[in-house]
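Visitor: We have chain H; now place chains L and V onto it with these hints.
Spelled out from the first residue to the last, the chains are:
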Amino acid sequence: MKYPYFPGCTLYTKAKKLDDAGRECSLKLGFELEELPDWTCCGATFPLVNDQHITMSGPTRILADTKDQGNDKLVTLCSVCFNVLKRTNNVMLNDEERRAKITDFIERDYHGEVEVLHYLQLLRDEIGFETLKEKVVKPLTGLKVACYYGCLLLRPVKEIGLDVMENPTIFEDFIRALGGEPVEFPYKVECCGAFQAVHSMDTATRCSRDILRSAKNNGADVVITTCPLCQFNLDDRQPEIQKSDTAFSSIPVVYFTQLLALALDLSADDLGFERNLIDPLPLLKEKGIVA
Amino acid sequence: MGEIVELTGLKDGEPVTCACALGDLSDFESVPVDRRVMVIGGGITGITSAIDLGNAGYQVMLVDRLPSVGGRMLQLSETFPTLDCAQCTLTPRTVESGQHPKVTLKTSCEVEELKGEPGDYRVRIRQKVTYVDWNKCTGCGTCIQKCPSQGVSLFERDAGRMTAIYTLSPQAVPNKPLIDVDRCRYLQLGKCGVCAKSCPVGAIDYEQEESFFEAQVGAIIVATGFDIYDWKNKMPEYGGGQITDVIDGLTMERYLSASGPTAGAVVRPSDGKVVKEIVFIQCVGSRNPEFHKSYCSRVCCMYTAKHARLYKHKVHDGQVYVFYIDIRSTGKGYEQFIQQSVSEEEIVYVRGRAARIYQEGEKIIVQGSDTLSGRKIEIAADMVVVAAAMVPNEGAQELADILGIKCNDDGFFLEDNYKLSPIETGGDGIYIAGCCQGIKDIADSSAQGSAAASKVQVFLSSVRRQNQEAV
Amino acid sequence: MKTVISRSQVKGDFVNKVAEISGENFFDCYQCGNCSAGCPSVDEMDLLPSQVVRYLQLGLEEEVKNCKSMWVCAACMMCHARCPKGVDISKIMESLRVLRLREVGAEAHIDVTDFSEEYLARAPQIAMISGYRKFLPL
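Residue numbers (the numbering used here), protein chains in the order written: chain H, 1 to 291; chain L, 1 to 471; chain V, 1 to 138.
Just chain H, same shape as in the assembly (with noise of 0.2 Å):
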């Protein structure tokens, strides 16, 4: 089975590893995830004014793009993708007046047949949790994660339809079934600072500080996440968190994917643990996940 694959910026350079490891697993699984040719970026931001219509022209194009080679479905891993693919696919699909406008820019004909699917939806959708299980080769026994969903894997609820917002559990049925042990804690829906990371790193670090103290606070050994910019925050602003707050331990964030990759058996060696600030492998080590 092959599903068509928007990989995005982000993940053909620094979010490499989320990329890798997905496309690796997804053999390992039984399907294959085929990059859509020529792709251009999604524009990272979907416009929230309505008479901004210039941003969805990027989305659109790689939607209509998908659609003429013959697909109804698109596969992304990055949250940001995945939320102005989804919402720009919305918009195609009930909004005339928009459409017709965007569509009239970049003289294509779409009118929102592609269903914008996230990895963890086709994982669980498509290929089942269960069948997930059972493919898994070596176990996260003993793995205490806190699933950290943030804002755009969730938000708008009623346009993105993943899960529910106040108490998903989609991310923690993964986790389950690789063997792993999810934790709650309050702050998974949480928002990480997003994009003020480049603007008021106060907010970044603040917020990026409250949602690994409440993991950790629930006896978490590691985050994982499905978005760059969540585990960019999570995981570069922990030094300055511990400036701060001393009494502050630090705990690695990592990329579901890589949790994936290891439960799968692919080697350590290849899914870029190095590019971590909070390195994740003595804790892998220690719980004998990695050799």
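Hints are computed from structural coordinates only; laboratory data are not their basis.
In this text the structure is predicted, and so the values were computed from the model without any measurement.
One thing to keep in mind: the hints can contain errors.
Unchecked claim - In silico lysine-lysine, BS3-like type, Cα no more than 27 Å apart, as pairs:
1. H/K101 <-> H/K28
2. V/K85 <-> L/K232
3. L/K332 <-> H/K158
4. H/K216 <-> L/K419
5. L/K440 <-> V/K85
6. L/K332 <-> L/K419
7. V/K68 <-> H/K101
8. H/K285 <-> H/K14
Said to hold, decoys possible - FRET-style restraints, in silico, Cβ to Cβ:
9. H/K285 <-> V/E117: 28 to 34 Å
10. L/D182 <-> V/N25: 46 to 52 Å
11. V/Q57 <-> H/D202: 45 to 51 Å
12. H/K285 <-> V/E63: 31 to 37 Å
13. H/E159 <-> L/S454: 50 to 56 Å
14. V/L120 <-> L/D326: 32 to 38 Å
15. V/R7 <-> L/A380: 43 to 49 Å
16. H/Q69 <-> L/E362: 55 to 61 Å
17. L/E344 <-> H/A247: 39 to 45 Å
18. L/E344 <-> V/K11: 40 to 46 Å
Claimed, not checked - Residues from chain L that face chain H, not an exhaustive set, calculated with beta carbons under 10 Å:
19. M235
20. E237
21. G240
22. Q359
23. I365
Note that CB positions come from ideal geometry on N, CA and C, so glycine has one too.
Guide: Using the frame of chain H, we list chains L and V on its own:
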């Protein structure tokens, strides 16, 4: 006994047992149909209607699906704005409804079917199984004392426990026990039988089957009351029922009640510690058209202030915080009650909603806002009480379908005209009163109960006149 | 602090424009404060999200135009996700930002030269792209 019940309307092959638990209907049927009334729902509203009509000389059948009358009010501690003990004020009326020569109680009964027409209805009633022959039972309570099986109490909510054979409350009317089949060891496992062995009059009947009877009445009053919105399942942002020390207002009533499971002590359900910092949150599931109920539940402002005040009477050095959006205290003496509570008990009213509640160690963190100071507010509380929305009682829509009356979008029975005929349902013969029509406090409920009784008398006297003219 | 309000202010051009491009009706809001209670950025804000809407209801153009809150909003949409009236404050905040950034001579709110090489080497592209889109003149 009970043999005079007419059996029309029953289908072939259905159980037709109208002896034992049913009691005697000869009084009820001693008067013409146009002097008989059925009241569905034995809360303060229905009791008021029943007693009024009984005093006016009508024969009343008061039907309740619960085993005893008294309804929600019996669960309350003290009532605003006068802080009267709810049980002390209500019990004389429940007792009166049980002893009134013109009122026949039919508890553990549900309305199944309605036939006939205004002035001459035939109502098919299902008598639920109690496993106790109430005609034999003397209400001595030995069975309850001996029962070895315990579970969460229906009456005490999360605050207390009850045995498998039980009466809803200590002063139950009628004071006859029944067996909860799901908890009874004998009925589940075939072993035990302690109640049967201990009963001095042999009233326990494990073989009892449900039965049906039909009552012929001239008019019907519906007063089926309210329930609490299912906040535990619908509001994960408030812990989704997973945080033991987050309770709803009705459960708080049981903690505050002198006859409640803690004898009126306000302690944490989780560890029994005295509560020193308590947060109340109003409008939980109310005033929220996007996700929950769009309407204001109308009594929460008042009962929250009452809770705050009663709590301070018990824990003098405790601190109360109330998250509110607007204070609605429009009844007689209500505004003064709120003001007095705030000043005397130094309650901190925080003007804003709480967005979420979560557990952090022993404390419950409440994150809210105060729009008056322009601050986001966080409080580490020992206990949180949510004033959850009030909703029509379960089964209201089904009852409406049986009776041929309508519900509004929120499930409250629809009146003919909200302002000019709030008791009427469109046609003659069936009237609505109390919280089933829309949320209201006790004062308004009993007023509507009396209003419904009055409407019934007007209607039935016109029926009688027509009948006489026809003769 | 006395403020005179009038029909022309409550229905002023700026306020109308914010309503138009955000698609939100400020008068849906009954000031319950749930947005502010759940907002992760309030520590850096000068007006709570609910106050921003309140000021818009009153037509306080200058205060809203110059507030800091719109710039520290992370568009996490928690406010919208919990609003009992379905008001999307992230759209209102974005509208305020966009109107400032569209002004002639609008100032940039980030400067890429402020970031260290080390930072740029690690910050994901999505952070930079969305940062440019949220904070640079249009």
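Visitor: Give a verdict on every hint.
Guide: Here's how the hints hold up against the structure:
Simply put, H/K101 and H/K28 have alpha-carbon atoms about 43 Å apart, too far for the 27 Å limit, and the pair is violated. Proposed proximity of V/K85 and L/K232 is supported: the alpha carbons are some 21 Å apart, at most 27 Å. For the given pair, L/K332 sits about 44 Å from H/K158 by alpha-carbon distance, which is inconsistent with the 27 Å threshold. With a C-alpha separation of about 58 Å, the suggested pair H/K216 and L/K419 falls outside the 27 Å cut-off, and the hint is violated.
Restraint check for L/K440 and V/K85: satisfied, since their Cα atoms lie roughly 24 Å apart, inside the 27 Å limit. Between L/K332 and L/K419 the alpha-carbon distance is near 20 Å, which keeps this suggested pair within the 27 Å criterion. At most 27 Å may separate the alpha-carbon atoms for a hinted pair to count; V/K68 and H/K101 exceed this at roughly 33 Å. With a C-alpha separation of about 25 Å, the suggested pairing of H/K285 with H/K14 holds against the 27 Å cut-off.
Separation of H/K285 from V/E117 is about 32 Å and conforms to the stated range, judged on CB atoms against 28 to 34 Å. Roughly 50 Å separates the CB atoms of L/D182 and V/N25, a value that falls within the hinted 46 to 52 Å. V/Q57 and H/D202 have their C-beta atoms about 29 Å apart, which leaves the hinted 45 to 51 Å range violated. Range check, H/K285 to V/E63: Cβ separation about 56 Å, and the 31 to 37 Å hint is violated.
Taking the beta carbon of each, H/E159 and L/S454 are about 54 Å apart, inside 50 to 56 Å as hinted. Between V/L120 and L/D326 the beta carbons are some 50 Å apart, a value that contradicts the proposed interval 32 to 38 Å. For V/R7 and L/A380, the Cβ-Cβ distance of about 46 Å falls inside the hinted range of 43 to 49 Å, so the restraint holds. Checked against the hint of 55 to 61 Å, the pair H/Q69 and L/E362 passes, with Cβ atoms roughly 58 Å apart.
Distance hint check for L/E344 and H/A247: the Cβ-Cβ separation is about 42 Å, which falls inside the suggested range of 39 to 45 Å. Checked against the hint of 40 to 46 Å, the C-beta distance between L/E344 and V/K11 comes to roughly 45 Å, which is consistent with it. Taking 10 Å as the C-beta cut-off, the interface hint given for L/M235 holds, the closest approach to chain H being about 8 Å. Look at L/E237: its Cβ gets to within about 5 Å of chain H, closer than 10 Å, so that hint holds up.
Proximity of L/G240 to chain H holds as hinted, the smallest CB-CB distance being about 6 Å (cut-off 10 Å). Using the Cβ-Cβ criterion of 10 Å, the hint placing L/Q359 at the interface with chain H is satisfied: the shortest such distance is roughly 8 Å. Taken as an interface hint, L/I365 checks out: its beta carbon lies about 8 Å from the nearest beta carbon of chain H, inside 10 Å.
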